[in-house]
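J.: The residues making up each chain are set out below.
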Amino acid sequence: MILYTARRLLGVAGVLLAIAAVTFTVFYVLPSDPAAAACGKSCSTERLEAIRAHMGLDQPLWRQFADFVTGVFTGRTMGSGQYALHCDFPCLGYSYENSEAVWDLLMDRLPVSASLALGAAVLWLLLGLSTGVAAALRKDTLTDKALMVGAVAAASMPVYFTSMMLIYGLIRVAGLLPYPQYVPFADDPADWASNLLLPWLALAVLYAAMYARQSRGSMIETLAEPYIRTARAKGLPRRTVVVKHALRAGMTPILTIFGMDLGGLLAGAVITESIFGLPGIGRLFYGALSTGDQPVILGVTLLAATFIVVANLAVDLLYAVVDPRVRF
Amino acid sequence: MAASAPLLSALGGWSPEEFDKTAVDPYLGGRPLGPLGGISADHWLGVEPVTGRDLFARVVHGAQVSLFIALTATAIVVVAGTAAGIAAGYFGGRTDAVLSRLMDLTMSFPSLIFMIAMMSVAKDVNRVALMTAVIGLFGWPGVARVVRGQALSLKHREYVDAARVGGAGPWRILTRDILPGVSGPVIAYTTLIIPGMIATEAALSYLGVGVRPPTPSWGQMIAESVAFYDTDPMYFVIPSACLFLTVLAFTLLGDALRDVLDPRSGRA
Amino acid sequence: MNKRTCTALAATLAATLALGAAGCSGERRAGGSGGGRNPVAANAGAVLGGTPHKGGTLTVLSNQDFTHLDPARNWVMSDMDFGTRLLYRTLVTYKGAPGNEGGTLVPDLATDLGTPSNGARTWTFHLKQGVTYEDGSPVTAQDVKYNVERSFSPDLPGGADYAARYLAGAEGYQGPAQGKHLDSVKTPDDRTIVFELRKPFAEFPYATVMPTFAPVPQARDKGPQYDNRPFSSGPYKIDSYDRGKKLVLVRNDKWDPKTDEVRKAYPDKLVVVMGLKANQIDDRMIASQGADASAVPWYALRPESAAKVLPSAEVRSRLLAESQNCTDMLQMHTGRAPFDDVRVRQAVQYALDRDAVLTASGGPALNDPSTAYMPATLFGGRQPDTLKIPATGDTERAKRLLKEAGKPDGLSTKLTVSSGDKGRAEAIQQSLGKAGIKVTIETVDPSAFYATIGDTKNRTDLVYTGWCPDYPSGSTFLPFVFDGRFIKEKGNSGNHSLFREDATMKRMDEIAAMTDSKEAAGAWRKLDGEILAKAPAVPVLVRRWPLVLGTNIAGAYGHTSFGGQLDYATVGLKDPAKGQG
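So the protein lines, in turn, are chains A, B and C.
With our numbering as the guide, the letters of the first sequence map in order to residues 1 to 328.
With our numbering as the guide, the letters of the second sequence map in order to residues 1001 to 1268.
With our numbering as the guide, the letters of the third sequence map in order to residues 2001 to 2581.
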């Protein structure tokens, strides 16, 4: 188990390095000139060159990449003289746009995205799994069909459509909730929740529908397994069989998608955050794109990739806990 | 519907890029005149606020763009994924190792984020082609995994061994024996990913990094209409409903095909 | 399952068809409710909400972060307003008054508007006594000089380039970070600063309104990170600043109102909430519920929201819509075919349907069509209409002109616009298309826009961009837009028609040398019409800056010298008790 984990961690590092390299190259090769953007509306050629040199953009690509990677581990000093900036481990560089350390920006925004993702995840797991299991237990009845038709429909609705409907219904017409404006949990938990409720719902509807479909299929398969029949034959109560045996095995495939989904969302739900105006990582990323803020784009991409691979790793390790059949 | 877009919009009498100033009220931020977003005998689904462009013509042409991108991307994904999957599954060894690593790597990419990034920095290129390529780029490992598994199990079936003993070259075995064997799951998988592809195209266009104006696409139309969701609800509802119904239709079709073609999940 | 799916599909198709069928049963209506006077301009030149009471919290709802608050880098109208009215003082500033009075200069850090000598090549300013920073230390002439030097630094890009353009011996200067200083700015004592210019410049005091001429003490300078925490010399100081999320300003109790005739500093606290969704800000301002009554929007109302504002007299009474004073122009590449032919350019002038662009831009309520290059303020309030082209264009005339130019079949060309101008570009595309000029639109992200159109070799024939005078003088408009000597191969700005004509340039030099400002103003106006006849660019429209204010806001007006942005020097609350947050 330990050996396996170590090997996987090594793989994670390799994947991240490869992703960094690809992202770096893409933004170098594709035409975008952050120096020109920074230079402003009246920019002389000499000033442009000076800015480019200051940003380190006059260096060859491999050199910039090497500097970046070393910087992540050892920190680096950028600029010289009175304006030198020192950036400590883990140094992802400084935003071109506002000279903040990218790492600080990410950590500043992470609570918003994490609040959104985790809250929504709780909702969609509750909603999705219960619907799925309920439908599976009542397979081929009218309830099952109604639930599944609902799930297919909900899964087909783009998140921006659901969001606008929720905004219209719950804010404009009913006036039940405020326009979302992020309040940190530590400031006021009730405000935090009431401001996030709408975005949670919007995200949860989509995912819950997918999870309902998945978990129904998975549950039906599990319930048909011989060992479940054995358990039932032994005379164990139906409840025990469903909760203790079937649910546990039936949930393993769900765990995989859950890991992927949560990992992806932690690093920012771009559309949801931008619809509701939540200052999370997705919004940071979207803003950085429109200003060509390359260090931030790279930072977010890496963070997102990290979440995904770590989530995958965690899921694989969790398998051993959830499903007794899996051994490393 | 998509293929006959020019025909259909000709029927409506408007081109998707034609302005109709008489259909909007410039003093109210260009709100369409008349009820339900300006629905009239002239404009069957009403008009776009501000420009007065015919919504029916735009929805129909938008369908063409959206579906073209989604279907082409799907084709790319399926062809690339099947090729990679068969190669990995059949040849095994180093080929399998390299391809599997590549699949893992691609799957670890935060794909939506990366797609947005790529679409937003690329300039001076054919947007439709780029978008198709970018969407296709991140989809292939899914197909490849399914195919690889299938190919692995087919590789040692008797009829394949028989062909090999009979002196058939690897190309012949791959195309004649393995490919038909994996086609069932591939077709089922294909229909399952099409809705995702449509949604992805719409999401990218929604975020403003998709096709460029005045070419309409559903995602882009929805993005623009969001601003009018309460002043001109029909403008928002119509493209959203089209997107919703299309995704729904493909999902149902996919479910049905999977039941027929994929024996494993026959019970679902 | 299989069968059910087919039914569902059929139902789906049927639903689609039904939608189409439903579409056929509407009623036809034609014609618009246009004409008449602009319902939006009612509050022009007025102060909304009366005189504010001291205290309370003013909330600013914003969809974005400030570009730069560092005074050496701040060169965006709204940001300059915010920075110089709240956080730092400049040598001279604009009067805090609505309407044309807002263009008047008043001394700020300085005791007067500066003393010229040596034929306006040397300008001397004396600083007021008793002006201090937030820590109580005095503002010195050296600090003003230091910030002027900072504006040259490549580490601190983005700021106004007036210092670089006018100061003597500034060529190749790279800022103070390496210990080098500018000799052309002298500080004989702590409260005297002398600028040596490379050529006579009678309007120099207008340039000293720019944040470049705000003080920054060297000990506080943190280079690029100064942007996140400028050191205050104004009535407020930064309490906290989360980039892209929230900025909180609190009173700077070391600021002495007796030294300041402009800033009123009514609220106790200002909170700028950033990163909100633009349409939600509009909705919140229109509703003005609860705490939003004490809020103002940072960015202009979106054209789409006009339909929610204009029909309601109550909301309209809270609407400011001062002109931005910038002219949007369709500029043509006069340096190469086909637009080197004046007849082709005139064809564009005639083909363009300004009305359609206006509608795409939010309609006549939020924009004024433009019939001259310089905005109305430079014409004493109203632009002349020398060409008398109908607002909807004259397609037949355009076709004739094209025929005369030897292009009876029309032509194809490309247009570059910033992505925010997409709707306007589509309207241009549509109207030129009618005359046989086929336009392909290339939208470019705002950040890359100026770099893209500044590349004179590779850019498209047409670009859509505007120009704003930095202060009310024709000298900050026509020479920037039509002087061929300012053309640069890369990083070109202003003169995007690449218009180069000896007679025009000669005339511009003559006017610039005039000492009588009235005579100069008249000459600029005449020149504007002469250039328009040569059609290097088509003036399209002048936008307004519409803002819907909360019901508890007082002392509010759009400041003409800050592009119609709310004057943050005078805004406050009617009832501070309601704005406690």
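In short, the hints are calculated from the structure, not lab data.
There could be a bad hint or two in this list.
As the list claims (entries may be wrong) - Over 12 angstroms on every C-beta distance to chain B, these chain A residues come out as not near it, computed from the model:
no., residue
1, Ala18
2, Glu49
3, Leu61
4, Val69
5, Arg172
6, Arg213
7, Thr230
8, Ile271
9, Thr301
10, Phe307
Said to hold, decoys possible - Calculated cross-link-like contacts (lysine-lysine; reagent style DSS-like; alpha-carbon spacing at most 27 angstroms):
no., chain 1, residue 1, chain 2, residue 2
11, C, Lys2438, C, Lys2095
12, C, Lys2526, B, Lys1021
13, C, Lys2414, C, Lys2403
14, A, Lys145, A, Lys234
15, C, Lys2180, C, Lys2222
16, C, Lys2434, C, Lys2199
17, C, Lys2438, C, Lys2534
18, C, Lys2414, B, Lys1021
19, C, Lys2422, B, Lys1021
20, C, Lys2457, C, Lys2199
21, C, Lys2269, C, Lys2180
22, C, Lys2534, C, Lys2199
23, C, Lys2534, C, Lys2490
24, C, Lys2258, C, Lys2245
25, C, Lys2128, B, Lys1021
26, B, Lys1021, C, Lys2388
27, C, Lys2438, C, Lys2403
28, C, Lys2222, B, Lys1021
As the list claims (entries may be wrong) - Not the full set, but computed from the structure, chain C residues with beta-carbon under 7 angstroms of chain B:
no., residue
29, Ala2044
30, Val2047
31, Asn2279
32, Gly2363
33, Pro2364
34, Ala2365
35, Asp2368
36, Thr2371
37, Gln2430
38, Lys2434
39, Thr2443
For each residue, glycine too, the CB sits at the ideal point set by N, CA and C.
J.: Work down the list of hints and note, for each, if the structure agrees.
T.: These are the hints, each one checked on the structure:
1. Ala18: Violated, because the least Cβ-Cβ distance between Ala18 (chain A) and chain B comes to about 6 angstroms, which does not exceed 12 angstroms.
2. Glu49: Label holds. Min Cβ-Cβ 22 angstroms, cutoff 12 angstroms.
3. Leu61: Consistent with the label, Leu61 (chain A) stays out of reach of chain B, its closest Cβ about 15 angstroms off (over 12 angstroms).
4. Val69: The assertion about Val69 (chain A) holds, with a minimum of 17 angstroms to chain B.
5. Arg172: Arg172 (chain A) not clear of chain B: closest Cβ-Cβ about 6 angstroms, inside 12 angstroms.
6. Arg213: Since the minimum Cβ distance to chain B is about 9 angstroms, Arg213 (chain A) lies within 12 angstroms and the statement is violated.
7. Thr230: Non-interface label on Thr230 (chain A) holds, nearest chain B Cβ at 19 angstroms vs cutoff 12 angstroms.
8. Ile271: violated (6 angstroms)
9. Thr301: violated (6 angstroms)
10. Phe307: The assertion about Phe307 (chain A) is violated, with a minimum of 8 angstroms to chain B.
11. C:Lys2438 to C:Lys2095: Roughly 48 angstroms separates the two Cα atoms, so the pair is violated.
12. C:Lys2526 to B:Lys1021: Given that 27 angstroms is the threshold and the Cα spacing comes to 35 angstroms, the pair is violated.
13. C:Lys2414 to C:Lys2403: holds (20 angstroms)
14. A:Lys145 to A:Lys234: violated (31 angstroms)
15. C:Lys2180 to C:Lys2222: At roughly 17 angstroms apart (the allowed maximum being 27 angstroms), Lys2222 (chain C) and Lys2180 (chain C) satisfy the hint.
16. C:Lys2434 to C:Lys2199: violated (49 angstroms)
17. C:Lys2438 to C:Lys2534: Given that 27 angstroms is the threshold and the Cα spacing comes to 22 angstroms, the pair holds.
18. C:Lys2414 to B:Lys1021: holds (24 angstroms)
19. C:Lys2422 to B:Lys1021: holds (17 angstroms)
20. C:Lys2457 to C:Lys2199: violated (31 angstroms)
21. C:Lys2269 to C:Lys2180: Status violated; Cα separation ~39 angstroms.
22. C:Lys2534 to C:Lys2199: violated (30 angstroms)
23. C:Lys2534 to C:Lys2490: holds (25 angstroms)
24. C:Lys2258 to C:Lys2245: violated (34 angstroms)
25. C:Lys2128 to B:Lys1021: Not OK: Lys2128 (chain C) and Lys1021 (chain B) at ~58 angstroms, beyond 27 angstroms, violated.
26. B:Lys1021 to C:Lys2388: With a Cα-Cα distance of about 22 angstroms, the restraint between Lys1021 (chain B) and Lys2388 (chain C) holds, given a limit of 27 angstroms.
27. C:Lys2438 to C:Lys2403: Given that 27 angstroms is the threshold and the Cα spacing comes to 15 angstroms, the pair holds.
28. C:Lys2222 to B:Lys1021: violated (54 angstroms)
29. Ala2044: violated (17 angstroms)
30. Val2047: violated (26 angstroms)
31. Asn2279: With a minimum Cβ separation of about 5 angstroms from chain B (threshold 7 angstroms), the hint on Asn2279 (chain C) holds.
32. Gly2363: holds (4 angstroms)
33. Pro2364: Holds, about 6 angstroms.
34. Ala2365: This interface hint holds because 6 angstroms falls under the 7 angstroms limit.
35. Asp2368: Result: violated, 13 angstroms to nearest chain B Cβ.
36. Thr2371: violated (18 angstroms)
37. Gln2430: holds (5 angstroms)
38. Lys2434: At about 10 angstroms, which exceeds the 7 angstroms cut-off, the nearest Cβ of chain B leaves the hint on Lys2434 (chain C) violated.
39. Thr2443: holds (6 angstroms)
Hints 1, 5, 6, 8, 9, 10, 11, 12, 14, 16, 20, 21, 22, 24, 25, 28, 29, 30, 35, 36, 38, counting from the list given before, are not met by this structure.
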